[in-house]
Amino acid sequence: GAGVSQSPRYKVAKRGQDVALRCDPISGHVSLFWYQQALGQGPEFLTYFQNEAQLDKSGLPSDRFFAERPEGSVSTLKIQRTQQEDSAVYLCASSRDAETQYFGPGTRLLVL
Amino acid sequence: GDSVTQMEGPVTLSEEAFLTINCTYTATGYPSLFWYVQYPGEGLQLLLKATKADDKGSNKGFEATYRKETTSFHLEKGSVQVSDSAVYFCALRPTNAGKSTFGDGTTLTVKP
Chain A
6 GAGVSQSPRY KVAKRGQDVA LRCDPISGHV SLFWYQQALG QGPEFLTYFQ
56 NEAQLDKSGL PSDRFFAERP EGSVSTLKIQ RTQQEDSAVY LCASSRDAET
106 QYFGPGTRLL VL
Chain B
1053 GDSVTQMEGP VTLSEEAFLT INCTYTATGY PSLFWYVQYP GEGLQLLLKA
1103 TKADDKGSNK GFEATYRKET TSFHLEKGSV QVSDSAVYFC ALRPTNAGKS
1153 TFGDGTTLTV KP
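Chains as they are written, first to last, in the numbering used here: chain A, 6 to 117; chain B, 1053 to 1164.
Please note: incorrect hints may appear among the correct ones.
Said to hold, decoys possible - Result set (DSS-like, lysine-lysine): computed pairs, CA atoms no more than 27 Å apart in a straight line:
id	chain 1	residue 1	chain 2	residue 2
1	B	Lys1112	A	Lys62
2	B	Lys1104	B	Lys1163
3	A	Lys83	A	Lys19
4	B	Lys1112	A	Lys83
5	B	Lys1104	B	Lys1120
6	B	Lys1129	B	Lys1108
7	B	Lys1151	B	Lys1108
8	B	Lys1120	A	Lys16
9	A	Lys62	B	Lys1151
10	B	Lys1163	B	Lys1151
11	B	Lys1151	B	Lys1104
12	B	Lys1163	B	Lys1120
The hints are simulated quantities; they were obtained by calculation from the structure and are not laboratory data.
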């Protein structure tokens, strides 16, 4: 079956622009996670949804980062007024039970 | 807070050599422990997991045992193949929590 998909796969933004990153989880997966992965490091947790409820947003680095999942399926991570330090790979994962997470290919964001 | 420490890489081995990648963790309670693998050009995939002390996770010839007394979850394989070349991430997930904490990854290269 289809796995987790993310779009766009690559995004180049000028400093100060807003960006929106999309995640399509595996159908039927209740839990959805966003992670940020800097070059040469492991993924860092950003936020977690169970259905449409955002249960944990403790990892969002600033109020420029906002995530939503309005219908409990597709999720969007929005970054306002992008900065160079936002350059990273943004990973989405979904899970049926919050235990085993299935990761998407990631969106590579480069802020110039 | 929770943390995961992996042995630094890169690790280079000859085919059929024995592999150990060390992983230690700091967490309260009894987290679940995971190894993820990222093959070149692909997304993160779950390799194996263990959910309680003394459990052994295994998959594709890889094994790791949950050692609570040493807070470790070392990854081992008896005979590596060229196709095992990838980046390996150790991770933990606290009980009843969504977020996972990852190590920084260990790059393994296996030469024929």
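Going down the list of hints, with the structure as the test:
no.	hint	result
1	B/Lys1112 <-> A/Lys62	violated (35 Å)
2	B/Lys1104 <-> B/Lys1163	violated (35 Å)
3	A/Lys83 <-> A/Lys19	holds (15 Å)
4	B/Lys1112 <-> A/Lys83	violated (38 Å)
5	B/Lys1104 <-> B/Lys1120	holds (9 Å)
6	B/Lys1129 <-> B/Lys1108	holds (13 Å)
7	B/Lys1151 <-> B/Lys1108	holds (22 Å)
8	B/Lys1120 <-> A/Lys16	violated (42 Å)
9	A/Lys62 <-> B/Lys1151	holds (10 Å)
10	B/Lys1163 <-> B/Lys1151	violated (36 Å)
11	B/Lys1151 <-> B/Lys1104	holds (18 Å)
12	B/Lys1163 <-> B/Lys1120	violated (34 Å)
In this structure, the earlier hints numbered 1, 2, 4, 8, 10, 12 are contradicted, and the remaining ones agree with it.
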